[in-house]
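**Q** The lines below spell out each chain.
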Amino acid sequence: MMIEILIAVALVGALVTFVAPNRIAGKLAFAISLVPAALSVWLFAAFDGSGNALLDGELAFESQAAWLEIGDYSISWFVGLDGISLPLVVLTTILCTLAIVSSWTPIDERESQFYGLILFIEANLIGVFSALDFFLWFVFWEAVLIPMYLLIGIWGGPRRKYAAIKFFVYTNVASLVMFGSFVSLVFGLGDSVTSFGLPEIATAMLAGGPEGFFGLSGTTLASLAFIGMFLGFAVKVPVVPFHTWLPDAHVEAPTPASILLAGVLLKMGTYALLRFNFTMFPDQVEAYAVPIAAIAVISVIYGAMLALAQTDLKRIVAYSSVSSMGYVILGLVAYTQFGVGGATFQMVSHGLISGLMFMSVGVIYNATHTRMVTDMSGMADRMPIAVGVLIAGAFGYMGLPLMSGFAAEYFIFFGAFGSELLEYAPLFTSLAMFGIVIVAGYLLFALQRTVFGPYRLETDYEVGRAPVHDVASMIVLLGLIITLGVAPDLIFTMITDAIDPIIQGGGL
Amino acid sequence: MALFQLPEWAALAPALILAGTALVLFLFDSINPRSTNRALLAGTAVAGSLASLAVAVWFTAAGVGATGIENYGVIDVMNGQFIVDRLALYFMIIISTVTALVAVASYDYLRDHTYQAEYYSLVILAATGMSMIAASNSLVTIFIALELTSLPSYALVAILKDNRGSVEAGLKYFLIGALSSAIFVYGISLVYGATGSLQLEDIATNLSTAGEMGGLLGLGILMLIGGVAFKTASVPFHFWAPEAYEGAPAPISAFLSSASKAAGFVLAFRVFTTAFPLEATTAVIGVDWTVVFVILAIVTMTLGNFAAATQENVKRMLAYSSIGHAGYVLIGLAALSTEAGDLVMGAAMMHLLVYGFMNTGAFLFVALAEYWGVGPTFEDYNGLSKQAPFASAAMAVFMFSLAGVPPFGGFWSKYLLYTETVNAAADNTILLVLAAALVVNSALSLYYYSRLVKALWIEEPLLDRDRLAQPTGLYAAIIAAAVMTVVILPAFDPIATAALEAAAAVVG
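These protein sequence lines map, in sequence, to chains R and U.
Quick note on our numbering: the first sequence kicks off at 1 and runs consecutively.
Quick note on our numbering: the second sequence kicks off at 1 and runs consecutively.
Hint data in this document are derived by calculation from the structure and do not stem from the laboratory.
Careful: at least some of the hints might be erroneous.
In silico DSS-like links for lysine-lysine, alpha-carbon gap of 25 Å or less [to be verified]: (1) U:161 with R:166; (2) U:172 with U:161; (3) R:27 with U:161.
Interface residues of chain U toward chain R, partial, derived using beta-carbon atoms under 10 Å [to be verified]: (4) 389; (5) 429; (6) 432; (7) 459; (8) 462.
Keep in mind the model is a prediction, meaning the values are calculated, not measured.
All residues carry an ideal CB built from backbone N, CA and C; glycine is no exception.
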């Protein structure tokens, strides 16, 4: 019941906020969003699951109810959490609350609609991470698109219309490809599955895979489905060469939407890759490990190089996300406990760090109305605390020890280097490590020019101290980043607990 | 069992109630011609259609007309001229729901109209005809019911007598309608000539004796398909639709494109499954008639979508989208096979029901815009969400639902249509093309549907508007349709069951 309450609070909250007067919408949405945040922390404390949700694990907060039966397949409301999804749910609720706080300053028109949409996204994101029936999951997955499309389109920057439609078309086409692949896979499984429950499908896949469909042999069908789904999720992650919607969406989106986009929406892609491709298709993972690793390394290096070439702070952070998501893919394809576990840890860690970075850029933009590196310098002089937190966050990004970024990247490299499944693993890992150098390069370069040195600003705005609520939410994020960096076991234990069955399913 | 003390004709109650309501409205009109007592007239029409709806739902729930249940068998009226089974009741539900929504919305739309009583009685008469079509079981009664539907519809399209567009649309509709009626009647005569019967079951029994008149029968069937194509606005008799929908008062466009289309489909579903069972008919005429529907479905959906994408006028866009949706529903007949087909036909029926809400709602929003005096093009709709956020939110729901995006009702029915087509394609590979056409067209349709959402929510208004009035009736109808479009998704099970039972009533 707990997950239902979580989703229901956000959904009803969204409706209430939508009809509330603009004046109080921000505070109201904040108050409402505290409920799922607090509840999810409680879920975290009361978590009693073990194993992987798809592979006979003990689910926490499970609930299932029949929904509909058509032909040979039944569809149900089926939610539950395991060690992979729980940290992501907590990440979602916390980031949503902070995103709401960070909207107080920049959003000054149609507030009730804005905050209503944020809460609506929150409900669907919780649904994406907790749904265990393909159908239910897909409904939540797609339902995230519409509010994000509107957030970018209505409250975005000058090129918002282009960015919004590009975001929508890219991700929707990707979803259709993925959807078609998965449904044909389920048909191919024939009588061995009677529902769209993910555990049942995963079990059937591991027990022998599809029998074939329309004259395609079982193996061919599985490979095609694997590739189709990988492409579908790859757009969402995004990996090079499907990343071009991301910088446009980020640059045009209002800051709070960017926080959610980078912090949680990108994780939907990697989460789905882990849940579907890397759990259900161990044979295909092995067969396609090298090309996937190549894509991952290219994303890491190319994303970082693109970030290096930017002068817009938001674009820098946006491209650096492409790079960071490359690490996640590398960790997944390594298929070792540390690799896959590290990738999952990186999803959470990157959610926090990129959230913090976008928040800082937003704070600077709110005060200066520019994001161009060349337009400003010496911001530390005017907003010392906010800039201090920003610098700390940037170091987290670079992987400074005792910050969550370090733990995540260390796990991934450690896991990837010794991978048995991936050929040339040491080569791929070493190449990817080179990305860290570039990250340090562009972050330090950008910081040096914007926040250090003598104070200078090209736009006509008075820059004072950052608002307290913005600084407070940045400090909360920084605190979480450091906590996870000091004690990664807080979540890493439950993650590896849920990862182990996957790896064993793959025969390692 | 109390039900069975009623005479048998009471089974036709949903249609009879509508007929009675129409007579009552005539009575009002004869007592007080030119009455402008809108509340009384609209109230009577709404009460009548709701009563019809309630009875149809009650009959469905009580098990009237269910096949295979002892004592609850199909009810024949007048020696099988009419038949009340699940199929008839299901479509009576759709028709009376749409009629109720249209009547509620007309309360405001007709505020300055001279011929109030005529309008409502014509609407209810047309609805009576549609309900009779659903229950007709002989080509004669079908034709009579069809004319009872068509004649009031012609008048309704042209009811804005001082509006050139409306009159012109009425004339076009009438001319094409008269032509297609003639073709339909000629088809009936050919079928009668070949089989010597008009009652549907008797036609099926006499098929084998048609012998060498197979060609004649084939021609007759082709002409019947022509009549169906007119009523459902499918290729090749679709071109009246954009003109008629554009010129007609918007509530009438909603009525014609939802209820009238449903009536056309129930006619097709019943005639082709009962009178021309696939195997026997193919043996006589030498061609499988589903081939015609495969071609019609593909051409109709593609043509509708491409034409809709190029429109600048919102009503015309909706008209072409309505043609596209007729193409989707035609799959229900195209994918029939000798072994099965009830699933895919059931899915098509579900789509018609969901369509009854989302399409009616969309046209009613246009009615609201006309009420406000907003112009006809996409640009004229720019920025309406600022003045009317609730109606605009409802319209966004309709648009996304029509495009088949979760989490709205349109997603379910389209998805089920897709999977059942793929399932049926296992026996008949040509259906894969149909499934592919469905997906591609659905993806494409998002372009023009989202264009309207963009206009409403994202674009800036071209000129400043004053505060817009909030007419109660129109708002109530639109919000009700939107709520239903959303609620259908979680509550799909009863609808799916009803539709599948309806399909099972005619498909073996």
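**Q** Hint by hint, say whether it matches the structure.
**A** Now the hints, each set against the structure:
1. U:161 with R:166: Violated: residue 161 of chain U and residue 166 of chain R sit about 45 Å apart, past 25 Å.
2. U:172 with U:161: holds, 15 Å
3. R:27 with U:161: The given pair, whose Cα atoms are some 53 Å apart, is violated under the 25 Å limit.
4. 389: With Cβ-Cβ at 6 Å, under 10 Å, it holds.
5. 429: Since chain R brings a Cβ to about 7 Å from residue 429 of chain U, closer than 10 Å, the hint holds.
6. 432: With a minimum Cβ separation of about 7 Å from chain R (threshold 10 Å), the hint on residue 432 of chain U holds.
7. 459: holds, 8 Å
8. 462: violated, 15 Å
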